Amino acid sequence: MSDYDVIVIGAGIGGLCAGALLAHQGRKVLVLEQAERVGGCCSTYELNGYRIDIGASIIEFPQVINWAFERMGTTFRKEVDLIAVDPTFTARLHDGTEITFPIDLEKTKEEIRKLAPEDVRGWEAYAKEMDGFLKAALDGFFVTPARSLWDVCKLFAKTPSLLKYGSLFFGSYEGVLRKHLKNEKLLEALSFHSFYCGLPPAILPGHFSMIPYAEHAGIYYARGGMIGIPLGFQKCGQRKGMEVRLNATVEKVLVENRTAKAVKLSDGTVISAKVIVSDINSKTFYTEMIDQNNLSWLARAGYKSYRYSMATPMIYLCLDYAPPLKDHHTLMTVPMQQMNDYWFDQYEKGRFPAEQFGILSWTTRSDPSLAPAGHHIIAVTLAPGPYRLVGTTWDKEKETIKQNVIKYLESKYLPGLRDHIVHADFSTPVDFERRLRSPEGAIYALRQDLTNAMMFRPSAKSKQIKRLYLVGASTHPGGGVPTVTASAMIASDLIAQYES
Amino acid sequence: MKAVRIIAVIAGCLVILYATLTKSRKQFIKNLLSQAPYLIPRYFT
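Chains as they are written, first to last, in this note's numbering: chain V, 1 to 500; chain Y, 501 to 545.
If you are wondering where the hints come from, they were derived from the structure by calculation, not from laboratory data. As the structure is a prediction and not an experimental result, all values here were calculated from the model. Possibly wrong hints are sitting among the right ones.
27 Å max Cα-Cα, derived BS3-like pairs, lysine-lysine [what the hints assert, rightly or not]:
hint	chain 1	residue 1	chain 2	residue 2
1	Y	526	V	349
2	Y	502	V	185
3	Y	502	V	182
4	Y	530	V	164
5	V	240	V	412
6	V	135	V	154
7	V	78	V	185
8	V	128	V	78
9	V	109	V	78
10	V	114	V	78
11	V	154	V	164
12	V	252	V	264
13	Y	530	V	114
14	V	304	Y	526
15	Y	530	V	304
16	V	252	V	326
17	V	28	V	240
18	V	185	Y	523
19	V	185	V	158
20	V	28	V	274
21	V	252	V	304
22	V	252	V	28
23	V	407	V	158
24	Y	526	V	179
25	V	164	V	109
26	V	164	V	135
27	V	349	Y	530
28	V	164	V	128
29	V	264	V	463
30	V	164	Y	502
31	V	154	V	109
32	Y	523	V	179
33	V	326	V	240
34	V	349	Y	523
35	Y	530	V	182
36	V	252	V	109
37	V	252	V	107
38	V	179	Y	530
Construct the entire structure; sequences and hints are all you get.
Below, the structure is given as structure tokens:
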């Protein structure tokens with residue numbers, strides 16, 4: 001007799017959504033979280049009256065998240081107070097030029113006409129291609145398992161219109177944009193979105209070039225902080241008896257006869273369950289929390305071969321003035337080739353320069369209640385940060401890097417910034433690893449190129465151990481709030497099918 | 501001998517084709533090729 005029907009390891013978006021969906025299947029669910037709060041990368045912490053988002057600063061594809069809530073007889077909007085963000089972003093280019101992308105596609109076209117009249121037709125062609133691809137992808141790709149070649153064949157059979165867009169999968173993000181657009185400034189404005197998936201424009205697969213277009217379907221912020229989204233799933237699960245235990249670190253998953261039986265916590269407690277669901281990085285999970293004798297040599301080689309996704313250092317600024325910005329998201333950009341060169345010449349070689357590109361997320365622009373009256377918060381998402389710095393460590397350099405980056409931001413984007421900082425916190429890749437138990441600070445778990453996608457990404461239903469399932473960024477369809485939600489729907493469907 | 505010549509011609513064509521690619525296209529291909537040996541083990545995960 002097991003203690004629970006299901007134990008979920010990790011209360012990130014994937015873990016809480018899977019737990020809630022499984023509770024709604026009538027299962028007795030326990031969610032174990034090592035941190036003191038839920039949400040993982042999509043969470044919010046409080047500091048002297050400021051509510052600061054740890055990672056995610058908006059959500060895209062709200063319809064995918066809504067599907068999960070609908071399965072529980074409710075809606076995203078009923079469970080989470082969503083604030084529509086418009087425009088999607090303003091890009092401040094390296095030469096000081098600004099371009100804004102309103103939600104309305106016609107208005108965006110007018111903005112493009114001002115900056116790059118020669119690319120209006122190209123933008124229309126890009127929008128048309130992405131619109132068709134998104135319709136096909138949303139129809140099946142997001143919530144269909146892709147564990148084997150057979151699954152992938154079935155996926156394409158279910159949505160044959162995806163075949164029309166097959167070339168997107170085999171090209172690069174940069175290639176797709178350059179096919180349609182010629183103006184280097186417009187390309188620069190649209191380049192940083194490739195890092196939303198963890199890779200530079202040159203090597204990110206082309207189908208992700210849908211992201212700048214997809215934002216025009218609407219992007220949202222959760223009132224009170226992004227933690228509102230995981231809390232929404234938690235509330236839904238708790239209505240059906242789901243338990244969430246914080247500060248509970250799982251050390252091992254106990255396996256007998258290649259079947260997951262129980263988890264062992266760091267305090268020695270053993271809790272058994274009929275099914276175990278893991279919402280932690282699957283490479284770490286399989287290489288550190290499972291006895292290696294339970295895995296085939298080929299699978300062991302596979303898990304070891306995965307490369308962690310990039311880490312994103314973040315600076316959280318609490319300010320006593322309204323910063324001179326226009327929108328919730330301001331992208332600080334450099335030319336597309338410079339972003340690629342940064343990846344290969346700096347990031348991969350362990351360097352982290354003060355001259356930065358990234359995102360200024362002015363969250364109090366959308367929700368002033370996050371800070372005391374008249375005060376504001378900017379979460380600065382910096383360029384990808386190498387986990388290992390050449391010749392030094394993040395802990396040694398943390399303060400120097402923070403001050404240098406703040407000086408740079410002041411000189412280029414936020415004049416007078418240093419006179420208005422009430423508090424500045426810097427989360428390095430190492431801090432992310434410590435806070436979130438995210439190895440190497442990897443925000444998308446594993447890299448998201450073709451060699452880590454679909455059937456080549458760790459399977460939602462373990463191929464090695466019975467009654468073990470994966471959710472989260474390190475299984476199909478990958479990293480990001482909506483995709484992680486989709487992974488929870490996939491796992492709960494598989495559990496309903498195989499673990500009745 | 502004939503087979504060696506055919507392989508050499510194909511390899512030569514591929515080298516010329518690769519040389520004509522843009523820097524970013526080369527980076528895309530290099531990245532995929534560097535990971536290709538892991539596809540089989542990854543399929544079993």
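For each hint, the structure was consulted:
Of the supplied pair hints, the one linking residue 526 of chain Y and residue 349 of chain V holds, its CA atoms being roughly 19 Å apart against a limit of 27 Å. Pair hint residue 502 of chain Y plus residue 185 of chain V does not hold up; C-alpha atoms about 52 Å apart against a cutoff of 27 Å. For the suggested pair residue 502 of chain Y and residue 182 of chain V, the alpha carbons sit about 45 Å apart, so the restraint of at most 27 Å is broken. Distance restraint check for residue 530 of chain Y and residue 164 of chain V: the Cα-Cα separation of roughly 26 Å lies within the 27 Å cut-off, and the hinted pair is therefore satisfied.
Straight-line distance between C-alpha atoms of residue 240 of chain V and residue 412 of chain V comes to about 51 Å, which puts the hinted pair past the 27 Å bound. A C-alpha spacing of about 18 Å is found between residue 135 of chain V and residue 154 of chain V, which places the hinted pair at or below 27 Å, so the restraint holds. At roughly 40 Å between alpha-carbon atoms, residue 78 of chain V and residue 185 of chain V are farther apart than 27 Å, so this suggested pair is violated. In summary, the hint linking residue 128 of chain V to residue 78 of chain V is not supported, as the alpha carbons are separated by about 32 Å, beyond the 27 Å threshold.
Only pairs whose Cα atoms come within 27 Å are accepted, and residue 109 of chain V paired with residue 78 of chain V is rejected, the gap being roughly 33 Å. Distance restraint check for residue 114 of chain V and residue 78 of chain V: the Cα-Cα separation of roughly 40 Å exceeds the 27 Å cut-off, and the hinted pair is therefore not satisfied. Under the criterion of a C-alpha separation no larger than 27 Å, the hint pairing residue 154 of chain V with residue 164 of chain V is consistent with the structure, at around 16 Å. Only pairs whose Cα atoms come within 27 Å are accepted, and residue 252 of chain V paired with residue 264 of chain V is accepted, the gap being roughly 5 Å.
Our distance criterion of 27 Å between C-alpha atoms is broken by residue 530 of chain Y and residue 114 of chain V, whose separation comes to about 37 Å. For the hint pairing residue 304 of chain V with residue 526 of chain Y, the CA-to-CA distance comes to about 26 Å; that is within 27 Å, so the pair holds. Between the alpha carbons of residue 530 of chain Y and residue 304 of chain V the distance comes to roughly 20 Å, so the proposed pair stays at or under 27 Å and holds. Of the supplied pair hints, the one linking residue 252 of chain V and residue 326 of chain V is violated, its CA atoms being roughly 48 Å apart against a limit of 27 Å.
With a C-alpha separation of about 9 Å, the suggested pairing of residue 28 of chain V with residue 240 of chain V holds against the 27 Å cut-off. Simply put, residue 185 of chain V and residue 523 of chain Y have alpha-carbon atoms about 19 Å apart, close enough for the 27 Å limit, and the pair holds. With a C-alpha separation of about 39 Å, the suggested pairing of residue 185 of chain V with residue 158 of chain V is violated against the 27 Å cut-off. Of the supplied pair hints, the one linking residue 28 of chain V and residue 274 of chain V holds, its CA atoms being roughly 10 Å apart against a limit of 27 Å.
Distance hint between residue 252 of chain V and residue 304 of chain V is fulfilled; the C-alpha atoms sit about 18 Å from each other, no more than 27 Å. For a cut-off of 27 Å, the pair hint linking residue 252 of chain V to residue 28 of chain V stands: about 21 Å separates their Cα positions. Of the supplied pair hints, the one linking residue 407 of chain V and residue 158 of chain V is violated, its CA atoms being roughly 53 Å apart against a limit of 27 Å. Distance hint between residue 526 of chain Y and residue 179 of chain V is fulfilled; the C-alpha atoms sit about 17 Å from each other, no more than 27 Å.
Using a Cα cut-off of 27 Å, the hinted pair residue 164 of chain V and residue 109 of chain V holds, with the two alpha carbons roughly 26 Å apart. In summary, the hint linking residue 164 of chain V to residue 135 of chain V is supported, as the alpha carbons are separated by about 12 Å, within the 27 Å threshold. Among the hinted pairs, residue 349 of chain V with residue 530 of chain Y is consistent with the structure: their alpha-carbon atoms are about 17 Å apart, no more than 27 Å. Distance hint between residue 164 of chain V and residue 128 of chain V is fulfilled; the C-alpha atoms sit about 13 Å from each other, no more than 27 Å.
Distance restraint check for residue 264 of chain V and residue 463 of chain V: the Cα-Cα separation of roughly 22 Å lies within the 27 Å cut-off, and the hinted pair is therefore satisfied. For a cut-off of 27 Å, the pair hint linking residue 164 of chain V to residue 502 of chain Y is broken: about 39 Å separates their Cα positions. A threshold of 27 Å between alpha carbons decides the hint, and for residue 154 of chain V with residue 109 of chain V the separation of about 38 Å lies outside it, so the pair is violated. For the suggested pair residue 523 of chain Y and residue 179 of chain V, the alpha carbons sit about 16 Å apart, so the restraint of at most 27 Å is met.
Among the hinted pairs, residue 326 of chain V with residue 240 of chain V is inconsistent with the structure: their alpha-carbon atoms are about 43 Å apart, more than 27 Å. For the hint linking residue 349 of chain V to residue 523 of chain Y, the alpha-carbon distance of about 19 Å falls within 27 Å, and the restraint holds. Between the alpha carbons of residue 530 of chain Y and residue 182 of chain V the distance comes to roughly 25 Å, so the proposed pair stays at or under 27 Å and holds. With a CA separation close to 54 Å, the supplied pair residue 252 of chain V and residue 109 of chain V exceeds the 27 Å bound.
About 53 Å separates the Cα atoms of residue 252 of chain V and residue 107 of chain V, which puts this hinted pair outside 27 Å; it is violated. A distance of roughly 21 Å separates the Cα atoms of residue 179 of chain V and residue 530 of chain Y; the hinted pair therefore holds under the 27 Å criterion.
Taken one by one, the earlier hints fail for this structure at numbers 2, 3, 5, 7, 8, 9, 10, 13, 16, 19, 23, 30, 31, 33, 36 and 37, listed in ascending order.
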